[in-house]
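Residues per chain are reported as follows:
Number of protein chains: 2
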Amino acid sequence: MSETVKVVVDAMGGDNAPAEPVKAAVEAATQRQNIQVILAGRKDVIEQELAKYPDYPRERISVYHASEVIETAEPPVAAIRKKKDSSIVAGMNLVRRQEADAFVSSGSTGAVLVGGQVLVGRLKGVQRPPLAPLIPTQKGVSLLIDCGANVDARPSHLVQFAQMGSIYMEHVMGIQKPRVAIVNIGAEEEKGNALVKETFPLLKACEDIHFIGSIEARDIPAGGADVIVCEAFVGNVILKLYEGLGGTMISMIKEGMMGSARSKVGALLVKPALKETLKSFDATRYGGAPLLGLRGLVVKTHGSAKSTEIRNAIFQCGQFREQRINEKIGDFLVKAVSPEEKSL
Amino acid sequence: MSETVKVVVDAMGGDNAPAEPVKAAVEAATQRQNIQVILAGRKDVIEQELAKYPDYPRERISVYHASEVIETAEPPVAAIRKKKDSSIVAGMNLVRRQEADAFVSSGSTGAVLVGGQVLVGRLKGVQRPPLAPLIPTQKGVSLLIDCGANVDARPSHLVQFAQMGSIYMEHVMGIQKPRVAIVNIGAEEEKGNALVKETFPLLKACEDIHFIGSIEARDIPAGGADVIVCEAFVGNVILKLYEGLGGTMISMIKEGMMGSARSKVGALLVKPALKETLKSFDATRYGGAPLLGLRGLVVKTHGSAKSTEIRNAIFQCGQFREQRINEKIGDFLVKAVSPEEKSL
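Sequence order for the protein chains is A and B.
Sequential numbering of the first sequence, starting at 1, is according to this note's numbering.
Sequential numbering of the second sequence, starting at 1001, is according to this note's numbering.
Don't read these hints as lab results, they were simulated from the structure.
Keep in mind the model is a prediction, meaning the values are calculated, not measured.
Treat each hint with caution, since some may be false.
[What the hints assert, rightly or not] Derived lysine to any residue pairs resembling SDA-like cross-links, with alpha carbons at most 20 Å apart: (1) B:Lys1279 x A:Gly247; (2) B:Lys1279 x A:Met249; (3) A:Lys139 x B:Met1249; (4) A:Lys275 x B:Gly1247; (5) A:Lys197 x B:Gly1247; (6) A:Lys275 x B:Met1249; (7) A:Lys264 x B:Lys1254; (8) B:Lys1254 x A:Asp219; (9) A:Lys191 x A:Ile212.
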């Protein structure tokens, strides 16, 4: 049997806390024998929720009491510093002390990013831990790396993103020889802003990744690359436009179909097929966005995440641990360190 | 009657040249008495196309012979320099010599951008002429400024984009007090990369625009702002993702509806309503993307543009001329010049 993976779930984070995180914990621990979930947050509230599941696997779900809650609107750095007994700080400290392997939260993105860096800490050699969500494409999913909060990246950061992203897509998502591309405004090598122009030859020279060149934003939805490298500002724009445009188009189409009696009947008939199609275009079924390059895994799920997404994020942590992704990233970076850096 | 507007149309540019540009010229000149179109390109080819419209208004359509064609794949700067007798260079020179008011092309974006700057030339005071396409939203359209080729912009460029964009949306699109926002990765003022952080207070201090703060990419499709300010790399990513994601979702939905007999019947019933909805989400009906801040108007239509888009771009040139947009931009910039700049 595979080894046990300990995942801390932030029971207080997100719009649907504590109900959905607790439900996800119960589902995950019930469905997989090797998963152990630690629910971090206010004990009374969590136990009240757990009481709704009389048959939950008690031996694989525990509660770790944390009295405070970090709100989404709080400035992240101050929140992490002050609220030592919040579910995010207490939960991440469990990972830092290696009492758990991973931490999953639907809470404040800022606090999760800051906490990941200052509490869990970076792997040796990692310059910046990127937030790398999966985005849906016509072919499946692509990893969009980086969508974090560290803007104004340097070329060497982007090279590490490409390396970490490749390892993730190969070993967690099972994609052989993942195609790596850099977001650009044209396909030609000489195009781009200063950052892209400096990064392009470095990626080209990288032997351990399968670099296929530039990708224009237009080709992302069709699945033009598996690992899509960009700095966080651009990544954030892509991620949020994806969500916004998808939502707007679906609501416009629904509204449009309700416009006439004829199309209302049609809408009823196409509904099941349409639902199926849209489901395939939903990345949350793969889990959340990992914050890579840390001494433990931190996964950010949507603020509006339901139990399915959180449960899948817990499974994702299992896969991450079993595949020893961090060891692979560590090995890779040691190998990739340039002579000048080694001499430092 | 309103004064005559002379528009040069590149008859050789785009995937559907010369048929669609010629058709657009005929439609525009037929529908509006004050429009005069000059078709630039190979005379024999254009005349052959024109012959398909025996009743076209000969007094308002002329041909300006240019023997060369700039291909999309050619490096723009070299092409503009070498191909002096191309439809783009010859056509833009007509605007430069004030023998025409505007130039419309579906040809190479790079060549149009370069040609606009070096041939037509910038208005006095304009630091960078931005390419500003209209993008569809749930409420109508927004102006995305800049999507051009000049990456790595400075804060003062972005401020001018906001000013020119406001004038355009107010006087060409008829939007009173257009809401101006800067693309950012969060709504708070302290968020953003170095460029956004520096630009934000400058926009806030701008008295002649209606600045509403940051806009996250997620809120663009819902119509969260009328003038969306960003540097060209980010603008390009937004524009192309818009096109790519829209196309991918529509094709997935169509495919999904063809999956079962039941949904096929439904698809037939919803088709007219769906078509109407998607038509409302198509910015090409407003025309093309203007290159603002030049001593004449240059409008870039899609490479795949059909006559409708090109015709609307011709009408757009009329509106631009009638509303004296360039005079308004000129006045505005003189007024907006800071004391230090004045002393230069």
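Do the hints match the structure? See the list:
Proximity of Lys1279 of chain B to Gly247 of chain A is assessed by CA-CA distance (about 17 Å); at most 20 Å being required, the pair is judged to hold. Pair hint Lys1279 of chain B plus Met249 of chain A holds up; C-alpha atoms about 12 Å apart against a cutoff of 20 Å. Under the criterion of a C-alpha separation no larger than 20 Å, the hint pairing Lys139 of chain A with Met1249 of chain B is consistent with the structure, at around 12 Å. As the CA atoms of Lys275 of chain A and Gly1247 of chain B are separated by approximately 18 Å, the hinted pair is consistent with the 20 Å bound.
Proximity of Lys197 of chain A to Gly1247 of chain B is assessed by CA-CA distance (about 29 Å); at most 20 Å being required, the pair is judged violated. Taking the CA atoms of Lys275 of chain A and Met1249 of chain B, the gap is about 13 Å. The hint holds against a cut of 20 Å. Annotation: proposed proximity of Lys264 of chain A to Lys1254 of chain B holds, straight-line Cα distance about 17 Å (limit 20 Å). Proximity of Lys1254 of chain B to Asp219 of chain A is assessed by CA-CA distance (about 19 Å); at most 20 Å being required, the pair is judged to hold.
Note on Lys191 of chain A and Ile212 of chain A: the hinted pairing holds, with a Cα-Cα distance of about 15 Å set against a maximum of 20 Å.
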